[in-house]
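J.: The primary structure of each chain is shown beneath.
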Amino acid sequence: MAAAAGLMRSGTLLPRLAASVLLLAAWQALALSGLLFRDVVPPLGALAAGLWGVLADPGFWGNALVTGGELAAALAIGGALGIAAGLVFGASAFIAAALERWMTWLAPTPKIILFPVLILFCGVGPGSKIAMGAVSCFFPVLLSTAAAVRGVDPVLLRVARSFRARADQILVKVYLPAAVAPMLNGVRLGFGVALIGVLLAETKLSNQGVGFLVMQAYARFDMPRMYGLLIVVVCFAAAINVAIGHAARRAAAGPIAREN
Amino acid sequence: MRRRHLLATLSLLALLDAPARADDLLKVAIGQRGNWENSVSELGQDAGFFKKQGLTLEILYTEGGGQTQQAVISGSVDIGIGVGTYGVLGAFGKGAPVRIIGNSMIGARDLYWYVPAASPVQSIKEAGGKSIAYSTTGSSTDLVVRGFQRVFDIKLNPVAAGSPASTFTQTMSGQIDIGWASPPFGVEAAQSGRTRIVGRGSDVPDFADQSVRVMIANAGAVARKADAIDRYMAAYRETLAWLYADPAALDAYAKWAGVSPALALQVRDEFYPRANMEPDRIRGLDGLSQEAVGLKFLAAPLRPDQITTLVQNKQAAQ
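Top to bottom, those sequences are chains A and B. For any residue, its number in the working numbering is found by taking its place in the first sequence, counting from 1, and adding 53. For any residue, its number in the working numbering is found by taking its place in the second sequence, counting from 1, and adding 1.
Calculated from the structure, these hints are not laboratory results. Any given hint might turn out to be false.
Covered by chain B, per the in silico footprint, the following chain A stretches (three or more residues, Cβ under 8 Å) [what the hints assert, rightly or not]:
| hint | stretch |
| --- | --- |
| 1 | 81-94 |
| 2 | 171-182 |
| 3 | 250-258 |
| 4 | 263-270 |
Think of the CB as a built atom: it goes at the ideal place given N, C-alpha and C, for glycine as much as any other residue.
Build the full structure now, drawing on both the sequences and the hints.
T.: In structure tokens, the structure reads:
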């Protein structure tokens, strides 16, 4: 409600609603026009039925839990390693000069090329899917964290050092509070690519998970179910994205703003 | 007192030993879930045939035979089902650790080609100049399309269109004139009159006695798990017999593949004769090896001793 009220105040709610309605109307018109193969662009009624079929299927929730678990583990591993490496890269000019260029080069590499190697190391089960997600999210989290650490006001660091703060105190009392918002934005980016990595891995060699279900629906040409699954994934990703974005904004506002 | 302690210790040891005698685990990669040919392992496991042999299967599905073969060669899985024979010959010829442990499919009777109902094409014979789909280069669909041109003395325009699902989209939207599929995919569309079947793999007689797809295993797994793989083959044979004999098996397949029992029956009896799926009938490897050279999968045909090394199926050897 608060979000809707905020949108009303900013005057963006109406254009957003209009854009959504226009998009749905355009889809329906295209589906009914016969211009495109109707099975691939089903009408909205069929999409709604497909979505309902997915949500009402108990098997879907089991597979969603599998994907959710893999994604959470991937984010925890890749995110933690990314933050730790980002703190080191951000705080050490030497390490950044020596290695950060490599990270920048590796970051945009399509991680799916590593999947055969990850299967060798982590097996064909959930391990390789978690590894795909972790590798995918590691780089954006690392680069965002490193940039965030470098953006910390030097005055804060000088003050901390003048009070003879230890390294761990500087990390906890200065770096983390000052860099938490950009770091969360990095996690948000990392979440997106981790989701892609996990789902992609599930489509390649698996027997469970939402990616597996998507591939099975496509193999049977059950397009309404496939679209239903895609809608669920998009909604889930959007919800997590909004939640992390909200947390990042709150962190950026700082404790004083939050108290007010 | 001492005897009681001894008995208790022995009982505890027996309990601790129990997991060691648990079922052997085999990892199996299979492409195209829903296909009759690829149903044997999962349905057999559900029906308890593999359990009876002391096996638990971890079944993983891939996008197709190429990925299945890759998973086997890398050692990620022990066994792969439904892999194109030319690809296997090519990989073995290059030294990959792969062995053929059984036949998946003899001939190409399961493959069919179709057009949208409104298409002017009535049969492959009169489709000269038309675009025609196959899955990937070197696959059984590629070979049949080459065979169509040879048998009917026509020039077609072959297009690598991928899976039956992606081919269906391209064919029904007019991007390709003639699409390919493998049952149960697309059979209902043909029955309802949306599409017409204009050709079948069986129109090309060359493949009638050739194993176009095979069951493979990683060479290391064949050496380390020979007994488990033998038991896998035994359970596979038993499951296959059940699939063709018991109406309950058809119902199980229909449920698994998401098709009606009537369609399941049609798929089994029209497209997959049991004899063509017998795992111990590994046929035509010499001829396939010769042809693989022409298709550049092999630099030279495999020698008899190489084929003996490649094929690790005791029943076929007898």
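J.: Confirm or reject each hint.
T.: Hint check:
Using a Cβ-Cβ cut-off of 8 Å, 4 residues of the stretch 81-94 of chain A lie near chain B, which meets the minimum of three, so the contact claim holds. Counting residues of the stretch 171-182 of chain A whose CB lies closer than 8 Å to any CB of chain B gives 5, so the stated coverage by that chain holds, three being the minimum. Here's how the stretch 250-258 of chain A fares: 3 of its residues keep a CB closer than 8 Å to some CB of chain B, so the rule of at least three is met and the hint holds. For the stretch 263-270 of chain A, the assignment as covered by chain B holds, since 3 residues bring a beta-carbon within under 8 Å of that chain's beta-carbons and 3 suffice.
Consistency note: the structure conflicts with none of the earlier hints.
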